[in-house]
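The two chains are supplied separately, each in an independent frame; assemble them into the complex guided by the hints.
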Amino acid sequence: MNILVCISNVPDTTTKITFTDNNTQFNANGVQFILNPYDEIALARAIELTEGGNGKVTVINVGDASTEPTIRKALAIGATDAVRINAKPHDAWFVTYQIAQFVKSNPFDLILTGRESIDYNGSKVAGMLGELLDIPSASIVKKLDIEGNQATVEREIEGGKEVLTIPLPLVAGAAEGVSEPKIPNMRGIMSARTKPLIVIEAVDVKTNSEIISYETPAPRGQVELIGADDPAKLVELLHTKARVI
Amino acid sequence: MSVLIYTENAGGKFKKSIFEAVCYARAVADQSNTTLTALSIGNVNTDELSALAKYGADKILTVTNSQLKNFINQAYASVIAEAAKKEGAAIVVLSNSFSGRGLAPRISVKLDAGVVDGAVALPEQNGGRFTVKKTAFSGKAFAIVELTSAVKVIALTPNSYKVVEVAKPAKIEEFSVDIKASDLKTILKEIVRSSDKVSLPDADIVVSGGRGLKGPENWEMIEELAGVLGAATACSKPVSDAGWRPHSEHVGQTGIAISPNLYIAIGISGAIQHLAGISSSKVIVAINKDPEAPIFKVADYGIVGDAFEVVPKLIAAIKEHKALV
Ligand SMILES: Cc1cc2nc3c(=O)[nH]c(=O)nc-3n(C[C@H](O)[C@H](O)[C@H](O)COP(=O)(O)OP(=O)(O)OC[C@H]3O[C@@H](n4cnc5c(N)ncnc54)[C@H](O)[C@@H]3O)c2cc1C
Ligand SMILES: Nc1ncnc2c1ncn2[C@@H]1O[C@H](COP(=O)(O)O)[C@@H](O)[C@H]1O
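Each protein sequence line maps, in turn, to chains A and B.
First residue of the first sequence: 1, per UniProt numbering; consecutive thereafter.
First residue of the second sequence: 1, per UniProt numbering; consecutive thereafter.
Rather than coming from a laboratory, the hints here were simulated on the basis of the structure.
Note that this is a predicted model, so its numbers are computed, not measured.
Do not rely on the hints blindly, as some may be mistaken.
To be verified - Simulated restraints on C-beta separations:
#, chain 1, residue 1, chain 2, residue 2, range
1, B, ALA316, A, PRO167, 20 to 26 Å
2, A, ILE212, B, ASP112, 49 to 55 Å
3, B, LYS16, A, PRO167, 31 to 37 Å
4, A, ARG187, B, GLY128, 41 to 47 Å
5, A, ASP81, B, ILE172, 52 to 58 Å
6, A, GLN150, B, LYS282, 51 to 57 Å
7, B, ASN126, A, MET190, 51 to 57 Å
8, B, MET1, A, GLY148, 32 to 38 Å
9, B, GLU220, A, THR207, 33 to 39 Å
10, A, GLN222, B, ARG129, 48 to 54 Å
11, B, ALA150, A, ARG193, 44 to 50 Å
12, A, ILE212, B, GLY88, 24 to 30 Å
13, A, GLN150, B, GLY128, 45 to 51 Å
Beta carbons are placed, not taken as given, at the ideal position from N, Cα and C, and that holds for glycine.
Next up, chain B with everything else stripped away, as it sits in the complex (with noise of 0.2 Å):
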């Protein structure tokens, strides 16, 4: 048996989340001591690729077959399947992004594997059981859930398992499979990427503004600040709803679930949808001029005060630490 480990890149280049993704894999392998074999599919320089072994991969498979050149659901998985089964993969890891979600149930159902979406934690074997936690409940609780499979599928979360480097080569083989034409049916016509900007999912750091912040003029501020830490926007419901921003920067129970370092609030209440999504942030600071609101019941560190006097301050403070540092 082994491992296999999907690495989905973007543009050609590895995320940090499918880094931790690797090291994930890796632990996992040796909790079996077994090998670990990354997969790429598409144009990944041998640099790129080489960097998979750092991270722990004992052997690197590529797919150049320039048919699948952009991510094609169907066969993608297709692939993943056939890597697995050509490695004797027993366990599957991929990232839970917004590709990983579209690949790990077919996979699943390819190897008769039970799957796990959205890991936070290694597994645990303990007489013959097999247990992996995961988020449920959009953020409000884990579930421990166990695979009764032979075959078993793992989507990780990122920014739930840390990146460690080990001194390792690695080879790099080319992979090739015979795809069939029913899997090629979507076509991609388009990628829109906003690519100046730090990516949602898998910032390490975010600042999100609320209905606090009055108006959609008012997000300069937030960018600002945004943009002297690195970080990643976001927003509460109602500031997408009301169209301020886009919708793929609300966070919290029905939008998306973020596990930064940091998570700073900033005129936001804490709804109990909205902390939902940033209650697994390691750190989260609260910017209110409200000392009741419940945000301040989840936040790490605070401040009580109006927003539009509080952060240009915050923003200086920043620079000046940055200058310093």
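Next up, chain A with everything else stripped away, as it sits in the complex (with noise of 0.2 Å):
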């Protein structure tokens, strides 16, 4: 089986967000840049499924080469090897297309990616996929099994969730619960560095959305505190003053 995974680099989870420029460019000054966490679910599950050489990962991000130590890491914990295609991620219309101009000449079973980054957050990716190349979706997988030429997949929704059989080729957003992140070990981070990266240059594509300017979120007045003796008065106040009981 031959499987896809799209990564994505995004700034560490610790990262204090600010922006330059009037507002209009993220600050990425001193910032670190990890894998996408769901990402990392993803790639962990895909390296399971090709266990015991039944396959192989490829993983593909739309990035510039600023990404490379990502796409190495990826390849340290395991995926087999790597495309770049060379161009900043103007959204998610710009990185679907690209993939999926690369997946139309190199077709795989499976395509995984996160339920979404945690930098735009869109949970676009997959779908836009799945749309181009017309073959089914699922957002939010949190579980994901295949057998044959099928796959189940539990897929999250508000409190439960379903149980679907899909038939692939299937894109699928991995969220908790479908695998654990896998940390690499030294073999790994060694043979990373000769397995292939190859990078491919961008096509042009009408884009849909331009973000024009960053906002952060409005600073939280003081805390008032009240005594542990008495949250008779935290009830007070949360229904008299704050009126959300």
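Here it is as structure tokens:
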């Protein structure tokens, strides 16, 4: 089975998010970038599904050369080979279009993404890719098993889950539960240096969205402390002042 | 032109987040002086459908095709796109629910539309520019996104728009579409719903527990507090990682982001990744024995104390309050 895992390069989760140029640019200064946590889960599952010589795992990223450490990390974790499409990821549509171009000439049995990227949080790439390739997609998948030519998927819904069967090829957005992130070992790190990473130039495509500016949430006011022996006071404040109960 | 709102149902009923999306779509339609068509797919009875008018729909389309009784991402996306074309919709609105996140990207490709997922405010239309504010960086920031396409898709974050009723009748019409066999590849085997509980993304009040609660056996008081408040329960990441609670309850940057009216954090330190998912809550209450815990920096109200003593007293106080009002 050949699996493609789409990976994105995102600010570390401890990053305090700030902006420059009149709040029009993300301030990447001093920011550590990591493999998107959900993509780590997707990658871990792909490696499990191909264990024992049962196929290979390709990772793909749309990004400039600065994302290569993250791609190498994915190779160290256990991907077989990697593709980088050389362009700034303008938006989810741009990213998806590039990946779809690659997949059209290099078909895969299964394509995994993360449920969302933790920077622009679109949850869009999986669905757009499914649509562009005219194959099924499932978003927010918490369990994924493959038997022969068929996937069994558990999809998150509000207050529960759905169990689905879907024939391959399929695009699935991996969430917690699908697998556990794998930590690269020494052998993985050594071999990652020599595993193939091919770079492809991006194709032109019209995009439909543009980030104009950013805002940071309004600072919250001072905390009002209530004595530990007087929770009734808290209830009163929540009722009369905050009006939330 | 018109505006189309897709109203997803859960077991034949519309949730509050769907009515929020209808009200939002009504306001979007009003911005352009146009009409709002609601689209429902699956088995929803006439009474329930009529409720959509109460929130502002001018016309209600219902799709009762037996092949579409259950949610099928691909097929539903096709039906919504077809309805948008039939109605000449320039803007398609849906809820950014778990299903909505699967639909919006597919619809946007079908309609060559720009898409804003996780919108938190009405669009602004200035000098021919159409912009929408959405969450970004997992709740650490917002992005203002301009959509430049003729057709636009907006998926609204639950709990970010107020429900207002309008008195207004609307006619209900059957809408029938042919479904391609290739859209029906996904087969639903089972739906599992924990029906007795409030679902976390939709909840007005959320009671959340962290590692300070020491172990899963201590969640009884969290459940009880949630019960008296009609709240959903949530937890921090280490709690779900340890298997004390299901992953679906994990809030934060790598869990779900929520924006309830009231978030009560108990035994949660307030790590940056946790705060990312909860900082758009309207009111935050923290109960923590450490006065230096970062959660107090974002909380509106706080109690410094031992949760095992404070929470039972709080439950008693709420019961007393409920008995009075
Ligand atoms: C990549 C990555 C992603 C992450 N994503 C998330 C995420 O999405 N969501 C998330 O929550 N975390 C996330 N984390 C973890 C995060 O960094 C913190 O470790 C986590 O939020 C801490 O959980 P906690 O507050 O329950 O536990 P702790 O930090 O251990 O805090 C426990 C708190 O309980 C208090 N306490 C102890 N006993 C009592 C008592 N008897 N009464 C009252 N208070 C008491 C303590 O004072 C302390 O403040 C992520 C981490 C990484 C590395
Ligand atoms: N630049 C990118 N290159 C490759 N894959 C990406 C890129 N951006 C996002 N993805 C994939 O799409 C998923 C969802 O991203 P998003 O739609 O931005 O939330 C991520 O978890 C990745 O798997």
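We went through each hint and held it up to the structure:
no., hint, verdict
1, B:ALA316 x A:PRO167: 20 to 26 Å, "55 Å, violated"
2, A:ILE212 x B:ASP112: 49 to 55 Å, "21 Å, violated"
3, B:LYS16 x A:PRO167: 31 to 37 Å, "36 Å, holds"
4, A:ARG187 x B:GLY128: 41 to 47 Å, "58 Å, violated"
5, A:ASP81 x B:ILE172: 52 to 58 Å, "55 Å, holds"
6, A:GLN150 x B:LYS282: 51 to 57 Å, "45 Å, violated"
7, B:ASN126 x A:MET190: 51 to 57 Å, "56 Å, holds"
8, B:MET1 x A:GLY148: 32 to 38 Å, "47 Å, violated"
9, B:GLU220 x A:THR207: 33 to 39 Å, "51 Å, violated"
10, A:GLN222 x B:ARG129: 48 to 54 Å, "38 Å, violated"
11, B:ALA150 x A:ARG193: 44 to 50 Å, "48 Å, holds"
12, A:ILE212 x B:GLY88: 24 to 30 Å, "27 Å, holds"
13, A:GLN150 x B:GLY128: 45 to 51 Å, "49 Å, holds"
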